[in-house]
Amino acid sequence: MTWVTFFQQLMNGVSLGSLYALLAIGYTLVYGILGLINFAHGDVFMLGAYFAFFMIAIFMLPWWLGVIVGIVLCAIVGMTIERVAYRPLRDAPRISALITAVGVSFFIENLGLVTVGARPKGFPRPDLMKNVYILAGARIHGVTLWVPIISLAILAVLLFIVYRTKMGMAMRAVAKDMEATRLMGVNVDRVILLTFALGSALAGAGGVMWACKYPQINPLMGVFPGWKAFTAAVVGGIGNVVGAMIGGFIIGVAEIMIAAFFPSLTGYRDAFVFGILIFFLLIKPSGIMGETLKEKV
Amino acid sequence: MEKHRERVLSLENLTIIFGGLVAVNDFSLELYAGDLVGLIGPNGAGKTTVFNMICGQYRPTQGRINFKGREIAGLSPDRITALGIARTFQNIRLFGNLSVLENVLVSFHVSLNQSFLSSMFSLPSYLAEEKRMREKGMQLLDTLGLAHLSQEEAQSLPYGQQRRLEIARALATHPSLLLLDEPAAGMNPQETRELMSFIQRVQDDFDLTILLIEHDMKVVMGICERVAVMDFGVKITEGSPEEIRNNPKVIEAYLGAED
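Chains A and B, in that order, are what the protein sequence lines are. Under numbering that gives the first Met the number 0, the first residue of the first sequence carries the number 0, and numbering increases by one thereafter. Under numbering that gives the first Met the number 0, the first residue of the second sequence carries the number 0, and numbering increases by one thereafter.
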């Protein structure tokens, strides 16, 4: 393998990984606060692509505006899911919430199949994403170049929100001790709602960029990216924001590299990713950045 | 003397039942502005349960909780905190992974009304407000002698400082009534002495009414003006520290058990 192909594949991996990172953040934020795996997260990702598609193709909004509206709608969907499905189960056993999350996921997927149909739709891409750039001798697609740049910008904003604003501070406080936070006068329900909004907005942005990368969208497009991003969150240490980002890049690069170095194993790339999940669950279940949690009494 | 002071908190016939267990039974207590009242009793007497009801963590099965003329039983804990009641915990419950300053800033939420969306759209005014909050937070830490530790992780502080930070965090909600749950627990005699003068100073500086659960009799007898004694969920007596010390019922239920 030449240096140029390696560089090309690395860019592909980073590009894919940045999308996993965006999606993994949503899993990790919600888990950190509620101890819940939000299985519907991958489907919010799918909705992001569809919302943007409808805004652009049906309502004829300019591309950028359609995307923004799509992302905002995702945030609203995320908050609705929390309010309707998860909040009533806040004090229920964890397994009930988990099963509900699976149910919400199936609900959204099948609602999509019923309303827009299983036939894939072509996602409109802006020229920016279609260009081909020559970088250090390697041919890099517009998507491959811009997706990680935009993702990194979004991740930087997210880190700012989590570590530098009062909302982020409240989120970290709730994650540490929900009841004590409430007793400090914080409206915890609102913090949780905004956490879902934030995670879902990132998923929406991820969905749109995924659709730019693979411009065929269908109601089940969120399933595999969702699982892989979940893997990324576990690898990074679920509950840890920086860990989720690192995990996303590791999974993305690993997935591309296995196909690049061992072309005969390309068909096993999904199995390989989930192999990493199993490996981490066996060897280091707390993940790369995760702390070993003491069970709360 | 107590007649012309404002009544801050009045607990009337509080009862709470968990399953078949009557944890607190027909408990009444009144606090007037500026009071420093102790709540004592053997382990499991129901003291912390009374705190949990005042703060809205538990809803009493029966009885009324009146705070400054307002019925608060059944309100959510964050609403009650916003009205001016703050507490600390028996086992320290700081946000350990947050910095000392951030622990205090979380409590300032009560006084921050800006919503998330408006803060997204008017970044400059948002940043200005954040800066003001940080300054206020530093001021508070300074008053309590914690300013030099502001950037440390809360969980890295020594035990006595963590207790102090819990009080600082409670004060950041601007309470008029402060509930302290065993503030001297686990402290050595030196730390305990410091804590006693600390509590008295804080009470004066912040104009507080304080209700205090404590096992350390030196603390209770040293700083409380009035003491209520609980046993098996019932208030068995109430009076000045001297009266309590000499009350045979108390000696039997509590002090006697120690000797």
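Hints should not be assumed to be uniformly reliable.
Heads up, simulated SDA-like pairs for lysine to any residue below, C-alpha to C-alpha not over 20 Å straight-line [as the list claims (entries may be wrong)]:
| no. | chain 1 | residue 1 | chain 2 | residue 2 |
| --- | --- | --- | --- | --- |
| 1 | B | K130 | A | V156 |
| 2 | B | K135 | A | Y162 |
| 3 | B | K130 | A | T164 |
| 4 | B | K130 | A | V161 |
Some, not all, of what chain A presents toward chain B, calculated at C-beta under 8 Å [as the list claims (entries may be wrong)]:
| no. | residue |
| --- | --- |
| 5 | A91 |
| 6 | S95 |
| 7 | K165 |
| 8 | D176 |
| 9 | M183 |
| 10 | V187 |
The hints are simulated quantities; they were obtained by calculation from the structure and are not laboratory data. Computed from a predicted structure; not experimentally measured. In this text, a Cβ means the ideal position worked out from N, Cα and C, and glycines have one as well.
**OP:** Of all the hints given earlier, name the ones this structure violates by number, lowest first.
**Re:** 5 and 6
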